[in-house]
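J.: Use the sequences and the hints to build the structure in full.
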Amino acid sequence: MLRLQHVSKRYPTGNQALKEINLTVPEGQVVALIGPSGAGKSTLIRCVNRLVEPSEGQIWLRDTEITRLSTRGLRHIRRRIGMIFQEYALVERLSVMENVLSGRLGYVNFWQSWLRRYPQADVDNAFQLLERVGLLDFVDQRADALSGGQRQRVGIARALLQDPDLLLVDEPTASLDPKTSRQIMRLITELAQERGLAVVINIHDVPLAQMYAQRIVGLRAGSVVYDGPPEGLTTAQLTTIYGEEDWDRNRQADPADEDAVLAMVAQDAGQPRPAL
Amino acid sequence: MPVRQIDDRKLWQRYDTATRLRLWGGWIGTTLVVFVCWQVISGATRWEFVADAPQQLSQFIGRMFPPRWGYLNELWLPLWDTLNIATLGTLLGLGIAFPLSFLAAQNTTPHPLVRYVALLIIVVSRSVNSLIWALLLVAIIGPGVLAGIFAIGLRSIGFMGKLFYESIEETSREPVEAITATGASPLQVLSYSILPQVLPSFAGVSIFRWDINIREATVVGLVGAGGIGLNLNASVNALQWSQVGMIFIVIFVVVLFSEWVSARVRQAII
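First to last, the sequence lines map onto chains F and X. Position 175 of the first sequence, counted from 1, bears residue number 175 in the working numbering, the numbering being contiguous throughout. Position 214 of the second sequence, counted from 1, bears residue number 490 in the working numbering, the numbering being contiguous throughout.
Source of the hints: derived by calculation from the structure; they are not laboratory data. Where is the CB? At the ideal position from N, CA and C, for every residue including glycine. One or more hints might be untrue.
Okay, the calculated bits of chain X under chain F, using three or more residues with CB under 8 Å as the criterion [claimed, not checked]: (1) 408-416; (2) 466-472.
Derived, one-sided and incomplete: chain F residues facing chain X with beta-carbon distance under 10 Å [unchecked claim]: (3) F85; (4) V108; (5) F110; (6) G228.
T.: Set out below in structure tokens:
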């Protein structure tokens, strides 16, 4: 489905963000990209739809080499690639419906979009998606009237209305509370499964990545240093990706398991506090 | 270095000694310049004229009062012209400043060269006062309302264009990225991600310029570009001070009115 071959990116500042990335994502797979800030996660997914131009290498979506496309061809292929953002990237002063329908901009001409005359089929799909993400009552609200979680749902609906083959997701939960984060991750992965989409998710939260992704790719300083199943992510692997840290302390219990959390809290409380 | 070590203690001050000295030097220098300027100005002033000023002023006002209320009937048409000059001039400026600002903004310009040309137009428009534009235009297209409209319009392009392109440059990048990622065309990206962000500020700037233009439109008549200024000029030349008084009252009321309208509209937008 998605194939990256020898992809490198060097910014004009001389900063080498990506080094020789090789990555293949099959249909229907959810891949979580983890790694410290500045490891090149954002650059990597932006190279796929060429919001950032890769300096070297080839990127293929199915049989199309994205990296060789002209401006027009690029616009065409971007319709097949949905994107979800950390800060939701909605247009605040437009309504929820307008934001969702903007996912169809690649399919309608300028006047249709200017006059908001979208084909009825698009509107039907938009209503369906809004129902699926639980925002049917908010159709006419302005995007800036929504909470963070609701905004991200709008972002998800917009990306899916494109009818994409591939979803690029950039830190979808970084601005959300833990509960909403889980709901959003579940929603993204469920919807991807329903539609058989390949998904690449940048994420900081390692336990969340392990919970929802089928495969983890660890980046460090622009290179892939781990590529394997979520279970394979050991303390040693985390140290390779992020550097030295006391990884086991936070990993004693699965936070999903409430009893274990309580046990952990109790254990913490039992220990004498270190003097300041 | 603002941090100094004395024994084993660290002292912190906002500025180090050299910077403090420079700041003091700056203050003293400024004071001296003001003092010298004052000297020059006072040397070039005939103080007996200044001492005379309150008397002159009261005489002047005395000549204007009571205003000639009957003259009001002759002012309705020039007043209407003035409002039209201001409104149509603002619309003309808006029509040109709107596309121009997208060419001038760093994040929407098609090419740096286009940007420089657009910026040049904005600067030229801004650097010439409405009254000077009117003077030129009266010479080119003859006296009358049309010259006034063009004068106001030309001056407004720079004002609105500059504030417009600044607000385009301040838009947040994320929605632009998101709309681009859907495969939208450049024009769709503008209309869906930039335009909704700048529309409130565009509307606010336009109404503010209209408010300013009402005032300017009362003046362009002085050089023959139509409106109530024509009457003002004629009355001053004929030493009809009671008519001048009447005109001032009318202008004052109109300016109050425009102030009120623009305040209401701005409230409605935000």
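J.: If a hint holds in the structure, say so; if it does not, say that too.
T.: Hint check:
1. 408-416: violated (count 0)
2. 466-472: Satisfied; 4 residues make the cut.
3. F85: Since chain X brings a Cβ to about 6 Å from F/F85, closer than 10 Å, the hint holds.
4. V108: With a minimum Cβ separation of about 8 Å from chain X (threshold 10 Å), the hint on F/V108 holds.
5. F110: holds, 5 Å
6. G228: violated, 29 Å
When each numbered hint is compared with the structure, violations occur for hints 1 and 6.
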